[in-house]
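Asks: Chains as they are written, first to last, in my numbering: chain A, 1 to 508; chain B, 1 to 183; chain C, 1 to 100; chain D, 1 to 728.
Derived by calculation from the structure, the hints in this document are not laboratory data.
Mixed in with the good hints, there may be bad ones.
Claimed, not checked - Cross-link-like lysine-lysine pairs, in silico, DSSO-like; alpha carbons within 30 Å at most:
id : chain 1 : residue 1 : chain 2 : residue 2
1  : A       : Lys378    : D       : Lys635
2  : D       : Lys28     : D       : Lys169
3  : D       : Lys169    : A       : Lys386
4  : D       : Lys705    : D       : Lys635
5  : D       : Lys31     : A       : Lys386
6  : D       : Lys616    : D       : Lys169
7  : D       : Lys635    : D       : Lys619
8  : A       : Lys386    : D       : Lys27
9  : D       : Lys705    : B       : Lys27
10 : D       : Lys31     : D       : Lys169
11 : A       : Lys204    : A       : Lys506
12 : D       : Lys601    : D       : Lys619
13 : D       : Lys169    : D       : Lys635
14 : D       : Lys169    : A       : Lys378
15 : D       : Lys392    : D       : Lys601
16 : D       : Lys28     : A       : Lys386
17 : A       : Lys422    : D       : Lys83
18 : A       : Lys506    : D       : Lys83
19 : D       : Lys474    : D       : Lys393
Unchecked claim - Label-pair restraints from in silico Cβ distances:
id : chain 1 : residue 1 : chain 2 : residue 2 : range
20 : B       : Ile7      : D       : Arg699    : 54 to 60 Å
21 : D       : Asp74     : A       : Cys50     : 18 to 24 Å
22 : B       : Ile7      : C       : Val86     : 47 to 53 Å
23 : A       : Ala473    : D       : His378    : 37 to 43 Å
24 : D       : Tyr709    : B       : Thr10     : 37 to 43 Å
25 : D       : Arg576    : A       : Ala487    : 55 to 61 Å
Note that this is a predicted model, so its numbers are computed, not measured.
Beta carbons are placed, not taken as given, at the ideal position from N, Cα and C, and that holds for glycine.
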Amino acid sequence: MQHLLNWILWTPALGIIGTLLIPGKAHNTIRIWSLLVTAITFAMTILLYCQFDQAAPGMQEYFNIKFPWIEQFHIYYSLGVDGISLPMVLLTGLLFFLCILSSWTIEKSVKSYFALFLMLEASVFGVFLALDFFLFYVFWEVMLIPMFFLIGIWGGENREYAAVKFFLYTFAGSVLMLVGLIALYFQSGANSESFNILALQGGKFGDEVVTLFGTDWNFGILVFIGMFIAFAIKVPIFPFHTWLPHAHVQAPTAVSVILAGVLLKMGTYGFLRIAFPILPEAAVYFRDWIAWLGLINVIYGALCAMAQSDMKKLIAYSSVSHMGFVMLGLAAMTTQGTNGAVLQMFNHGTSTSMMFLMVGVLYERSHHRWIVRPDGTKGFGGLYTKLPIYSIVFIISMFASMGLPGLSGFISEALIFLGIYKEFTTITVLALIGLLVGAAYLLWMFKRMFFGEVIPSVAGYHDMNAREILYMAPLCITVILLGVYPAPILNIMKESVGSLVQLLAKFQ
Amino acid sequence: MNMFLMIIFTLSAFLAVGGALSVAFAKNLIHACVYLLFSLIGVAGLYLTLGAEFVAATQLVVYVGGVVVLLLFAIMLTGGSNLHHVTSRFGLESTPLMGNLRTYIMGIVTALLLIAVLCNVLQGSISASAVVESKFSSTVEQIGVKLVTDHILAFEISSVLLLGALVGAAIIARPYRSSETEN
Amino acid sequence: MGIIPYIVVSSILFICGIIVMIARKNIIAILLGIELVLNAAALNFVAFTKFNNMNIDGHVFALFIILVAAAEAAVGLAIVIRFFQVRESIHIDSATQLQS
Amino acid sequence: MEYSISTILPIMLLPFFAFVLNAFIVKKFTKTAVAISCVAIFIPFIMAMRIFIDFVFNKYSSDYYIHKTFTWFDLSAGAQIFKVQMGIYLDNMSAVMLLMVTGVAFLIHLFSTYYMHDDPRYGRFFVYLSLFTSAMLGLVLSDNLFSVFIFWELMGFCSYSLIGFYYEKEGAGNASLKAFMTTRVGDVFFLLGIVALWTTIGSVSYVEIYKAIAESSLSSPVILFGLGIPLATFAGFCIFMGTIGKSAQFPLQVWLPDAMFGPTPCSALIHAATMVAAGVYLSLRMYPLMDAGGLLEFIAYIGGITALGAATIALVQTDIKAVLAYSTISQLGYMVLGIGVGAYSASLMHLITHAVFKACLFLSAGSVIHALHDHHTHAPVQEMPRMGGLRKKLPYTFIAMLFCTLAISGIPLFSAFVSKDRILGDALVMAAHSPIYIVPAILGFCGAFLTPFYMFRMIFLTFYGEPRDQELYKHAHDEHFSYNRNLPLLILAVFTLGFWYSGSLTGQGIVKVFPESKYEWFQVLVEKPVLNKFLGRTATPLEVSESKEFIEHSHYDPNHGIASEEEAHHVHLIHRFGAAASFLIALCGILLAYSMYITRKFSPEWWTTTFAQWTKALKNRYYFDHLYIDILIQKLLHPFNNLLAWIDMGFYDRYAVDGWERVLALSYSVARWFDNIVIDSVLVDGSGISVRFFNIVLRTIQNGKIQFYFLVLLFVLASYVLAFKPVI
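Only chain A is shown next, with the shape it has when bound in the complex (with noise of 0.2 Å):
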């Protein structure tokens, strides 16, 4: 058990191995196995769930596990887990085993797909659990790999564009995390201890100098505004925010899923586990940008899905916002904001996963996503009558999308909201227009596809299958649940959070 998170990690890595051994042409056997892969990487994670202390705020220190990786410059190979990684492990455990079922219908070079997937998934995985900030980087730098093939292989037609406008935004961002690394590294004297995200934390940089350019700087300052490019490119937040549209545009249904369920919440997890924490002077003297930019992410993105035609591009300007609402979340530094942003990254992965995953059953009967055809035509009409069950999955998503109590969306939006109210009301107010035009583009989308007559080219679709289903239902018990009862999710990470609010509060 002491070596959970190990297996967590490298099971998917192993089973890379197993798709790799099994001939290209058995395309069930690859499916199967991804699938038993997944299937047992999300049991052991559901397995953390139950062996993790609800009420230790750090580390657990049962869990970690840290050897030395490269002595010669204090690189350990050291993993952990905590109340803000903890949700996303579990997400990250879902949203691959549901994916690996959504995927079943890619008959392009099966094998290479689902071991890319499997890389990705470890990757992910990596990237949560790492304790040690270069084995962090090396993870989120290796999410990339797969990444970009995904999309560059199995996407739309403007692939390439897609693929590599992603990687090279991204990795823009992740050379500036780089250079900040390096920069902690040597400024906290290149011991041991060096590369240890735990280690660092605290505020110990909080008077440094640099001198740059012949000017004298705040070390802590100018690292932070090298991380927060990095993360903000990946959450992402304004205006580093248009690689979002294309490449979830053109990555296949599962890749999209992954890209707003997991990937995005990458940006918002390194704000909590390294900006925040190891830069706390930093983060405080720039909460107020952070804040404006999360108000502009939440209006801008939802003023801007307002105008698409594309279902794909509609849904990704919603993550756009929906991210703002986690930033202005981390913004407040209070225990409702944080703990609401930390939910709103957890609910935000099922609900807009199930966005996506409806607008892909969808797309392999019709193989187009217009709502509205750039000729002015309608690209759906009628849908409801057609495809009963299809349209009620579609409503339970589309309202946990935009917050209806009793879904998981809400209770996550108005504890930032109860926690951004006392230190920005003017922002409060403002957001909440976001929350108005939030509703307005979903079920204005809604309206022109399920209502009315059914259209010719709608008449030959069949209603969600067994599978389809199967993969559904998972996360519309989850979005329910979690509507009615959050605790389980909340009671996990709140000692942590409160941990991290405690810290930042000494700094304000």
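Got chain A sorted already, so can you dock chains B, C and D onto it with the hints?
Replies: Using the frame of chain A, we list chains B, C and D on its own:
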């Protein structure tokens, strides 16, 4: 000084030196090859005078019985010295196969230079060398022991080398497969 | 009788070999020269063994030289034959290209 | 009776469980599902009845309340304490509301088994109804604004789904979208208000809010855009915005008429009796906050404008359900006006009476619509100009509808005379006190004139005269008494009588039929929250049995709140005048309708031609839809969105992000030039040239002849040996 040895030395030395000189200056390649045979036999005799009977025997078996025959075969397969290409592929006049005056002058000049060098080098060592008399005894056993103890590695490597040479020679000398199919 | 006669003989063999190697244009003839040079070297080994120390190692070296000479002759002649097949000549100056 | 979790919560949970169960079985076992739904609302009705009797007539005093809480989730970590508490709050007002909601909902369930029976989505309708009922009951039982908001939104969702119930129609989609989005505007404000209160007080339970108001700790200003607004004003305004959205008040009234796209029973339940009234209920609960925030005048104006404006629009409607929809808006306006003028109990009473008679009206309209089918299209007919003379075909429906119309018109002996006229009377009192209330009072009285007019216009057009569409009339089914069609109508019609609510004919206790105060139960029991009693009170957790607190029945005191005898007399005078005036006005309205549509002394056409502009404005609903949809959304929001999206993708992404590619390309070309000219031509090729020069020298040596190399080698070796004489 053993008279018998002296005679054998003198004969062998003449044979070796004469053969070598004949090789150097013979007009016909077949003849040169036969002269080489004599020279090698001479060297074998010299080995005998030095008490290295095993080396001498090997010399005879390998060189005289093997290498020279091989050379003769090669000469015959390639037409010996009968081929007289006076022009090269580029239309330039080329030296005859067995050399002409110019090449010999160059050779002799070089030889003179080398004689000078050898004299220069050997001066010290010859004067310093002491004459040691030794009994004439069989070396076969010692060599055998040496080969399988101290020099076992070289021995094994040489066996591999021979095998490689054998296979390599066979492969290299084999005609082209494509030319086979053409034919 | 000392070492000097042997050295003189081996030197003559050596110089003859060198002359052959330089003066001849026939590849096989050059191989003959090489054999001469090798013999000269082997002779020296044996001679020095006899007169300078009583170690049997010199004999072993001579044996290896013979061995290597044999191998070299086999491979060298195979190359010559192949060369002849390709170029229809065994003139040393026509060996200007590695590629056939 | 002991009140504990097991006796209170099932009221809300039974319909909810019915919803969950039905959602899965409704496809296969439609009849079972319908039966479960009906039973699951009937049992709560019995329980609510029991609570009502206990609270109102038995032992508890007027200001007794039950408040129990449990922790929903807890975010406390270390020193930071944050708990989200949910709970139950029961007082007289909740008890009355519970009874009304369960009763009306049960009757509407019953009616729906008739009305929706032939609908292909018969079962699904009941699924939504169960969820809705559960949410509404949850809202009534809630002890805090947060859970109110949750149920509030859930009701919005049900409303959305039921308006879009006939999803084949394009209009249903538009209407449901409009309804949800318009109410959402109010909801967003409501959420803001909740957040503002919560972060200041630390809780949003009613008790805590009342306590905070009593301690007057809500005066701290909210800094917004640099302006400081008192918190009570700010929060009160935001919460009242929620009411405006949900109760379709001006200026967010546009969604309710369109909501009639839903099936008629759902219009009766959601868009007449309960959900729209929830907004008023919320405002009543938050009355002390609005009072503290000084918002009452504003509320009164909103209510007055809505009451009159909606009534005028109702004048020109031809669709029977549209008339009822506007009348609903108008009546809701009266309730809000009641809050604005401080007529607390009257406002709630009007809510209850309106729920009863409006539900009955809608069900009757449903009965009418169901009887009429277009012969060609087989679509139900809702247009009044095609009806007429239905009195004989539909006698029971006619009786029920007539009772309700009399009630809504404010005729003595019927319920609205008690409730609405008490509101109007209080408005007059306020107007006499401060001139700012004069306008709302006038608006209210004008509405009171128009209400009987358009209601009787509807009755006359539908049931009287000759049938205007003979074919339709011929094919109309005769009404036979059936338990699920007529019984609900008649039961509701019985409860439109005034004596159920008041012992006196008018609300002001002027003409006392039953002089005993007990029969004025409404006014006795429902009164403004007395804030001082909440000082120092904390909620009892659900698990612990509550400590009962009996306070002596505070007997009805008509003068309460009024200081002097003289002033009381003055108020009585005004009340008396108001009651008389409104009765007269109502009579005038009825007479006008009678003369226009029965005797035809005045031609309606004369009015429409003379006031053509006004008619056009009324038919276009004062151009509000035009303003919102065509101008605000189509002309402003969409172009702005498209512009923004274009800037994002077409400009920002294309130039600012992909523009880096150009910048890089430029630097590449500079670098390439430098590379070509300087590095390559000069340095690289230059060194090449120098190499070529040496090449000429060297290639004479490098002639490829192996013997030459050998010679050179030997010469070099020899010269080395000769020159340096290496030691051997």
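Asks: Hint by hint, note whether the structure agrees.
Replies: Tested hints:
no. : hint                               : result
1   : Lys378/A with Lys635/D             : 21 Å, holds
2   : Lys28/D with Lys169/D              : 26 Å, holds
3   : Lys169/D with Lys386/A             : 14 Å, holds
4   : Lys705/D with Lys635/D             : 91 Å, violated
5   : Lys31/D with Lys386/A              : 24 Å, holds
6   : Lys616/D with Lys169/D             : 26 Å, holds
7   : Lys635/D with Lys619/D             : 22 Å, holds
8   : Lys386/A with Lys27/D              : 16 Å, holds
9   : Lys705/D with Lys27/B              : 22 Å, holds
10  : Lys31/D with Lys169/D              : 26 Å, holds
11  : Lys204/A with Lys506/A             : 13 Å, holds
12  : Lys601/D with Lys619/D             : 24 Å, holds
13  : Lys169/D with Lys635/D             : 25 Å, holds
14  : Lys169/D with Lys378/A             : 15 Å, holds
15  : Lys392/D with Lys601/D             : 25 Å, holds
16  : Lys28/D with Lys386/A              : 19 Å, holds
17  : Lys422/A with Lys83/D              : 17 Å, holds
18  : Lys506/A with Lys83/D              : 23 Å, holds
19  : Lys474/D with Lys393/D             : 10 Å, holds
20  : Ile7/B with Arg699/D: 54 to 60 Å   : 56 Å, holds
21  : Asp74/D with Cys50/A: 18 to 24 Å   : 20 Å, holds
22  : Ile7/B with Val86/C: 47 to 53 Å    : 50 Å, holds
23  : Ala473/A with His378/D: 37 to 43 Å : 39 Å, holds
24  : Tyr709/D with Thr10/B: 37 to 43 Å  : 38 Å, holds
25  : Arg576/D with Ala487/A: 55 to 61 Å : 58 Å, holds
The structure does not agree with numbered hint 4 stated previously, though it agrees with all others.
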